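Enquirer: Assemble the whole structure, with the sequences as input and the hints as a guide.
Protein chains: 2
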Amino acid sequence: MKIVIAGLGIIGGSIAKALKKYTDHTIIGINRSRTPIDKALACGAIDSAGSSEDLKTADVLILGTYPDAAVSFVRENAPYINKNCIVTDTSGIKSGICPQLSAIAEEYGFTFVGFHPMAGKEKNGFDVSEADLFLGASAIIIPGSAPQSAVDILASLIRKIGFGKVVFTTPEEHDRMIAFTSQLPHVLACAYVFSPQCPKHDGFSAGSYRDVSRVANINAELWSELFIENKEPLVAEIQTLIDNLTEIQSGIKKGDRTELASILHRAKLIKEALGE
Amino acid sequence: MKIVIAGLGIIGGSIAKALKKYTDHTIIGINRSRTPIDKALACGAIDSAGSSEDLKTADVLILGTYPDAAVSFVRENAPYINKNCIVTDTSGIKSGICPQLSAIAEEYGFTFVGFHPMAGKEKNGFDVSEADLFLGASAIIIPGSAPQSAVDILASLIRKIGFGKVVFTTPEEHDRMIAFTSQLPHVLACAYVFSPQCPKHDGFSAGSYRDVSRVANINAELWSELFIENKEPLVAEIQTLIDNLTEIQSGIKKGDRTELASILHRAKLIKEALGE
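Residue numbers (the working numbering), protein chains in the order written: chain A, 1 to 276; chain B, 1001 to 1276.
Because the hints were derived from the structure by calculation, they are not lab data.
Keep in mind the model is a prediction, meaning the values are calculated, not measured.
Treat the hints with care, since some could be wrong.
To be verified - Within a straight-line C-alpha distance of at most 27 Å, the following computed BS3-like cross-link-like pairs (lysine-lysine) qualify:
#  : chain 1 : residue 1 : chain 2 : residue 2
1  : A       : LYS253    : A       : LYS271
2  : A       : LYS271    : B       : LYS1231
3  : B       : LYS1165   : B       : LYS1021
4  : A       : LYS231    : B       : LYS1271
5  : B       : LYS1083   : A       : LYS121
6  : A       : LYS123    : B       : LYS1271
7  : B       : LYS1160   : A       : LYS200
8  : A       : LYS200    : B       : LYS1121
9  : A       : LYS268    : B       : LYS1083
10 : B       : LYS1268   : A       : LYS268
11 : B       : LYS1002   : A       : LYS268
12 : A       : LYS121    : B       : LYS1160
13 : B       : LYS1253   : A       : LYS254
14 : B       : LYS1253   : A       : LYS231
15 : B       : LYS1200   : A       : LYS271
16 : B       : LYS1123   : A       : LYS271
17 : A       : LYS231    : B       : LYS1121
18 : A       : LYS165    : B       : LYS1200
19 : B       : LYS1231   : A       : LYS200
20 : A       : LYS165    : A       : LYS123
21 : B       : LYS1231   : A       : LYS253
22 : B       : LYS1121   : B       : LYS1254
23 : B       : LYS1268   : A       : LYS123
24 : A       : LYS231    : B       : LYS1268
25 : A       : LYS200    : B       : LYS1253
26 : A       : LYS200    : B       : LYS1271
27 : B       : LYS1121   : A       : LYS268
28 : B       : LYS1268   : A       : LYS200
29 : B       : LYS1268   : A       : LYS121
30 : B       : LYS1160   : A       : LYS231
31 : B       : LYS1039   : A       : LYS121
32 : B       : LYS1083   : A       : LYS271
33 : B       : LYS1200   : A       : LYS160
Expert: This is how it looks when you write it as structure tokens:
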């Protein structure tokens, strides 16, 4: 197949490298700035630099851009996209963009399937991309109104590049789950490091500080877009966390060890039930 | 030296194993129940099982018990403790117990130095102890009114069993820092997994879920004691976190990307300034 990847950051770059490592497909790279293209060519992550012309013969178009940029790219390039092409994104939010992308696909006669690769790093950009970023990770697919054959082709491609699990869901369920599993940890990592004690932690900290604060080294531009695009579920998750923190705080204030232990023990049971 | 370790859980057990691996001292184990003693003898983590009698000739006594049990043990056994003995604990809180232990030491003529090894696991007990648990970890020493020679002996022993950094502080500063670096991550891991979305996370989660929720598999009995013993600083840290979460939540509700990005960017700057 001829696969065009638009946006060669950590995700687009890693998909390119993984496709070259694990498949024989032809990979074409498109990027707003030239540097990632040159680097991708130099390390063999793409076969060539592409343009809108390549979309006329593409079998798959993968959008590695920020969510809004993905919609803009598809809207601008829709007239060029091959009618047999499967278009997919890699955005961290779905309700805000999948319906728009599906509507454009329907209007122009190609196919759109949503995709969210559950992998990343604290750093961004092509330089930190790697072929094995997705090994064992989860892939979330949003089939929407796409034909099953297109969903199957995308799922097969995703499994080939190393994902360990593929789940299928709706944009709404995706966004509700992601608010909890991914966005809330980023919010709380930032809120956590705002403590006046944080700059003095060295020598007083261990694994639990490191793990909670890790993603506070955040790409502020990307995540502010993701958070606001997923406002309703995320605001609700933050409120749930605040309410639960308040419950534990009240237990500590009250000072009854047995009562506090029974609150904390609920957390242990949840983790154990999950086999974690 | 003759070193007695009272309490062979993950911390006491790991100290015993590390002392046997990295020093030639004689290690005596004391434990409320017999099983850990038998296991420690079987694997060579201790040279023999001890009793109050051994305290008469001990050079160092290390308390591997919960905080309150450490105070009870020293109070009950004070008459037996060698006047030249350096007694140390391994508790996660200090203001609540160091002054009491120092007072008993002064009354009976031995020396007390507080110690908090910044290492652990989600699991507890002798079975998960290991000789290299402390490799590269921080050790916090609370000298209190102990003579410098005793502090130096303890610090030297601590460095020999693998700790990468030794810091010296007061009980109050220790407790304020630990409230942030260790207790707050445990509180928020529990609060986090209380979300109704948690049991459904599989397939929708990655590293940030794993890292934040890891310590929710908590020893409820131990941590409820630690939290309540450190009530004031911890309640304040939880409140700071709630306030910071509320600030980010308000930014998301307002929906101004630039404004939200500037809040999140402050977190990135804090992490970068720390070289993280």
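Enquirer: Does LYS268 of chain A lie within 27 Å of LYS1268 of chain B when you go C-alpha to C-alpha?
Expert: 31 Å, violated
Enquirer: Can the restraint linking LYS1231 of chain B and LYS253 of chain A be considered satisfied, given a maximum Cα separation of 27 Å?
Expert: Holds: LYS1231 of chain B and LYS253 of chain A sit about 7 Å apart, inside 27 Å.
Enquirer: Under the criterion that the straight-line Cα-Cα distance not exceed 27 Å, is the pair LYS1268 of chain B, LYS123 of chain A satisfied?
Expert: 11 Å, holds
Enquirer: Could you grab the alpha-carbon distance between LYS1165 of chain B and LYS1021 of chain B and see if it respects the 27 Å cut-off?
Expert: At roughly 19 Å apart (the allowed maximum being 27 Å), LYS1021 of chain B and LYS1165 of chain B satisfy the hint.
Enquirer: CA of LYS231 of chain A to CA of LYS1271 of chain B, is that 27 Å or under?
Expert: 25 Å, holds
Enquirer: Take the C-alpha atoms of LYS1121 of chain B and LYS1254 of chain B, compute the straight-line distance between them, and say whether it is at most 27 Å.
Expert: Measuring from Cα to Cα gives roughly 40 Å; hence the hint is violated.
Enquirer: Next pair to validate is LYS1268 of chain B with LYS121 of chain A; report whether the Cα-Cα distance is within 27 Å.
Expert: Between LYS1268 of chain B and LYS121 of chain A the Cα gap is close to 14 Å, so the pair holds against 27 Å.
Enquirer: Does the structure keep LYS165 of chain A and LYS123 of chain A at a Cα separation of 27 Å or less?
Expert: Given that 27 Å is the threshold and the Cα spacing comes to 24 Å, the pair holds.
Enquirer: Check whether the Cα positions of LYS200 of chain A and LYS1121 of chain B lie no farther apart than 27 Å.
Expert: Holds: LYS200 of chain A and LYS1121 of chain B sit about 23 Å apart, inside 27 Å.
Enquirer: Hinted pair, alpha-carbon criterion (27 Å max): LYS200 of chain A, LYS1271 of chain B. Please report holds or violated.
Expert: Distance of about 12 Å is within 27 Å: holds.
Enquirer: Checking one constraint from the list: CA of LYS268 of chain A to CA of LYS1083 of chain B, max 27 Å. Satisfied?
Expert: 43 Å, violated
Enquirer: Just to be careful, I want the Cα atoms of LYS1083 of chain B and LYS121 of chain A compared with a cutoff of 27 Å; is the pair within it?
Expert: Status violated; Cα separation ~55 Å.
Hint check: violations occur at hints 5, 9, 10, 11, 12, 13, 17, 22, 25, 30, 31 and 32; the rest are consistent with the structure.
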